[in-house]
Every structure is written in structure tokens, then in C-alpha cells.
Amino acid sequence: MKRLHVDKVGERLTRHLAGRLSRRSVLARFGALLVAAPAFPLLPVQRARAGDAATDFSRAAQTHDDSACNYWRYCGMDGNLCVCCGGGPHSCPPGSQPSPTSWIGSCINPDDQRAYLVAYHDCCGASACTECSCTNTDHAMPIYRPQANNHVTWCFGTQGFQYHCSLAVLVGPAE
Amino acid sequence: MKRMQSDRVVCGVAALLALFGVPRADRAWCSTLNGHGSPPVLQSETADITPFPGFTAHDLAYSGLDAVTTGGIRIIDGDTAKTVATVYSSQYANFAWAPDDHTLYVSETYWALGDRGRREDVLSIYGGPTLRNEGEITLPERLISDPKTHAFALSPDGHYGYVYSFQPASSVSVVDLYGRKVITQVEIPGCGLVFPFGERGFASLCADGSLAVSDVNAKDRYILRRSKPFFDVLNDPVMDESVAESKSGLALFVTYDGWVHPVQLADTPRFAPPWSIEQAAGLSPATSTAGQITWRPGGQVPFAYERSRNRLFVLMHEGPPWTFEQGGTEIWVLDVSHHRLLHRWAVPQSAYLLAVTQDAHPLLFALSQTWLWVMNAESGEVGRAAPIVAPGMVSAKGE
Chain A
86 MKRLHVDKVG ERLTRHLAGR LSRRSVLARF GALLVAAPAF PLLPVQRARA GDAATDFSRA
146 AQTHDDSACN YWRYCGMDGN LCVCCGGGPH SCPPGSQPSP TSWIGSCINP DDQRAYLVAY
206 HDCCGASACT ECSCTNTDHA MPIYRPQANN HVTWCFGTQG FQYHCSLAVL VGPAE
Chain B
83 MKRMQSDRVV CGVAALLALF GVPRADRAWC STLNGHGSPP VLQSETADIT PFPGFTAHDL
143 AYSGLDAVTT GGIRIIDGDT AKTVATVYSS QYANFAWAPD DHTLYVSETY WALGDRGRRE
203 DVLSIYGGPT LRNEGEITLP ERLISDPKTH AFALSPDGHY GYVYSFQPAS SVSVVDLYGR
263 KVITQVEIPG CGLVFPFGER GFASLCADGS LAVSDVNAKD RYILRRSKPF FDVLNDPVMD
323 ESVAESKSGL ALFVTYDGWV HPVQLADTPR FAPPWSIEQA AGLSPATSTA GQITWRPGGQ
383 VPFAYERSRN RLFVLMHEGP PWTFEQGGTE IWVLDVSHHR LLHRWAVPQS AYLLAVTQDA
443 HPLLFALSQT WLWVMNAESG EVGRAAPIVA PGMVSAKGE
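Protein sequences, first through last, are from chains A and B. Just so you know, we're using the numbering used here here: the first sequence kicks off at 86 and counts up by one. Just so you know, we're using the numbering used here here: the second sequence kicks off at 83 and counts up by one.
Bear in mind the hints are in silico, worked out from the structure with no lab data behind them. All C-beta atoms, glycine included, are put in the ideal place defined by N, C-alpha and C. Take these hints with a grain of salt, some might be off.
If you only want the chain B side, here are some residues facing chain A, beta carbon under 8 Å, derived [stated by the list, open to error]:
| # | residue |
| --- | --- |
| 1 | Asp228 |
| 2 | Asp318 |
| 3 | Pro319 |
| 4 | Val320 |
| 5 | Gly373 |
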């Protein structure tokens, strides 16, 4: 399959973060990131490499219905789809807010056969949405490798810690 | 009619006198007034609490699943499949029984205003003759996730508790349960979970496929050592819910594809060669190659280990790679000593959790999201079934 270009992936992840965080919040979280650094020794790029090859999920994935569990970018989605709770694939429903941190997956788009980085953010601070529950575990890692684990409640730094639903935010091509 | 009304008044007065300590007042007066032939008036009662007999040989305890279900730790008598007791807990709680089988520790998190406001992480203590709350120990921020058995565990003698913290930096809070205080926090960078061994030691699994071992040195300070990687974390990682026994220090780390890595936990851990569950059944080993449909372990808590007969019970399903959360349609019983499959038992519906008691006539518990099946762990016969609240963590007596 296509080779992963680490610099480009890193740039895309940085741009993704820069687009989401204000300068103040970056400063506020810088210290936390320093502390958190040991927890993320390999960063999501390593995870993306594992997802390059076609998987059983990607072979059956579709690109037209984002409220179905087999929507292509939900390959690592383990939770409730925000699309079914008043939000969108990358938008939290009103009343909730996205977690600043996320777990990272790499999903193949059947239309162009490219692997894309996907950031799975939790939407937090609203009562649990019980709609459209999906358990997709393509290349999902155990909890001791948290950067690719979908069991952690990622609501660090949000107003409320209650898990509401999950997003699948497109970061960019994983190549 | 009037007679009956006056009788009731007299009986009511008698009941009141009984409440103030007049012995047998209600019974004696009322039986006299009621006369012969009519049924005796029912005795008055006081509200009390059923004594808690302890976590007995055939008991099972389980917690609620996650944000969708209510919290609480439920205790079930395996001989009747009925609820014995329930303890309050927050969502995403972990729990462990002390060796006395009467004290229950619950690791949990609360916010002042439901899910916001001041956060408090505590180790709540329940015990005594009626399983009452006996206080809390304040903790550093613990991991909040779908339930993980090995995010909280006790030392074999019950003196120390180990709570995995994720803030999101990784560390383990060491709690002196006798002194009821956190004594230190051990940084475990790049690693997670706790598998206790010996007097003070614990191991953790690491993101590069290695094992980290933490234990105290001569100066009573924790030292962390890392092994070389012993599994391929990117293609076939060890499952969070692998089996570990704190008393013997035996760990059976099982991968997504069904490779069992036996490890004797110690300051210098001993790694035995891995063996395949599928090969033990006469099949080719499972791989992570896309399209390979074969039998694989899967579920929330897919393993249970019976110490005396050295047997591993595994929830198995047929499916492609990366389906490690899929429920099991069969339970495979494996002889750990000889790497041999002994039995394949079908379960009534897909099961997600397993637990086994450790007595002479062990019971095997298989749980789906809605049902509990109590099985004979020697024959596989389903003896009882009961509806349950969606379970998160599970623990049978002696595990």
C-alpha cells in the first residue's frame, strides 16, 4: 500500500489542532501536554501505518449514509454517533462540547482507496445519547496504548465530563 | 362490627406498648381479644437490615456498564441466581473484595454538580455486618473509561490498593488500606493497568509491547523496570482483560489472535513461550490477515481462570481480525498445563463476560448484556438463568 509520510501527517495533525484551539487554550494545555507526553510515546502516526492495509471493515464500508455504523470514517468508532443525536460527523449536538483530545484512527475511503486520519472526539457535558450505538474496532488498541483506544472517556478539559456521543473528524490523508 | 373496631383499638394500644418495651404486650392482649377460631393478628414489625453473610463461595459481583446504565455493584448468589445485596457507586466504578470477603472497596469519581463542578475521586469502603459505608480515601484523578478489571487491584494480603490514574499522564496511586491513605504515586510512562504480585509489587502493560514492573527498593521507594517487548503491539496486542493472579503471580496475557503468553510476575519476570488457543483446538493459529474467518477470543471480559485445575475459560466467536469485542457463541475450556482444548460449550446467546468460582464445586458465570447464566464449571450444564442490568466488570468469589 501507499507509504506513510511522517512529516506530512505531523503537519496535518498540527494544523488540525491549530484550527481547533485558541492561543490561550494552547498555552493553558501546554503544561498538561508536557505531563501527558510519556503517555503518547509513539503518537498517532504509528497508528496510521497500521491502518494502511485494507481491512474487513473497509471492504464493506460505504460513503453515503453517515448515520450507519459502516460509514467509512467510523472504522474505529466505539460509541454513539453524534449524527443521530442532533449533531454531525464533526459537530457536537447543541448542549454538548467536543473534547480537546481524542483517539486517532486511520480509515480507507472506498471512493478513492486512500487512507485518511480520523480524530474521534467525544462530545461531553450532556446526558448520554443512546442512539446509533456502534462498536467498530478496526485497529483499535488496548487501554495501555491510549492514543488509539476507544474506551477512554476523553472529556478532559470540557465543562462537563459526562459522555454524550462521538465524532469522526477528518484530519487529512494518512500518506 | 363495633366489637371488631374496639378490638383493633386495643390491639393498636398493645402494639404501642410493645414499642415502649412492655414484653409480649401486643401478642398477649390481642390473642385474648381475638378469641378462638379466628386467625391470629399479624405481629407488628420494625424496619431493619438483612445481615450480609459475606462474599460466599458461589457468589458473583458485577458493576454497571457505563454512562448509559446506572452505577452500583450487585452481588448475586450463584446457587439461586438471586440478588443478595447492592452497593451504591458512581458510573465507571471499579471494585475489589478484601481477603476477609466482607470488605468491599469501590474506586469511583464524583463531581459536585453531577458531571461538573469540583471533582472528587475516592476509594469508598463498605463492610461490617450490613455492608454499610465505612468511609472514603481521597484519590488522585483515576482513569475514567469503559470498565477495566485491571485498573484497580489489591495486593495479595489486602494491605495495599493500586489505582491506575490517567490524567492523561499514566501513573499508579498506591493506597495503604490499613492506614487509609495514599502513600505514593508511581509514574509509569507509556504503560497502563496494574497486575499486583508479591508484597508490594505490580506490573503494567506498555505501549511498545513490553512489561513494566514496579516494586519497592531497600529505601522503600518504588523503582520501575522495563522488559523487552514480548508481543507485537501493532498487529496482535495483548488484551486489557487478560488473566492475572496476584497470589501466585501467574499472568496469562492473551492476544487478539488468541496467543497465550504465560508470565510469572516478579521483579524479574519470567516469560514462557506463547501458545495458541486455536492450535490447542487442532486449528491453524488465527492471524491479523484481512479476510481470515476463524475462531477468536472476544467480549468485554472474555477470560476466566480456575486455579486448582489450571483451566482457562475463553469466550470464542467466529470472525475476521479486529473483532476482539464481539461476544462469544461458545466457551472453550483449556488445560493450561498441556495447552489442550478440553471442551467447547455453546452459550444460549452471545456472552460478553465470564467469571468462575474457586471452590471444590466451581460455578461458571456467563453474562450477556441482559442475561446471566450460571453453569457447572465441570460439565458446562446451565443450571440457572436470570435477567440482569448491563454488566461492566465482573468478579466471582476467589478470583
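Do the hints match the structure? See the list:
no.	hint	result
1	Asp228	4 Å, holds
2	Asp318	11 Å, violated
3	Pro319	5 Å, holds
4	Val320	7 Å, holds
5	Gly373	7 Å, holds
Figure legend: structure checked against the earlier numbered hints; the only hint not met is number 2.
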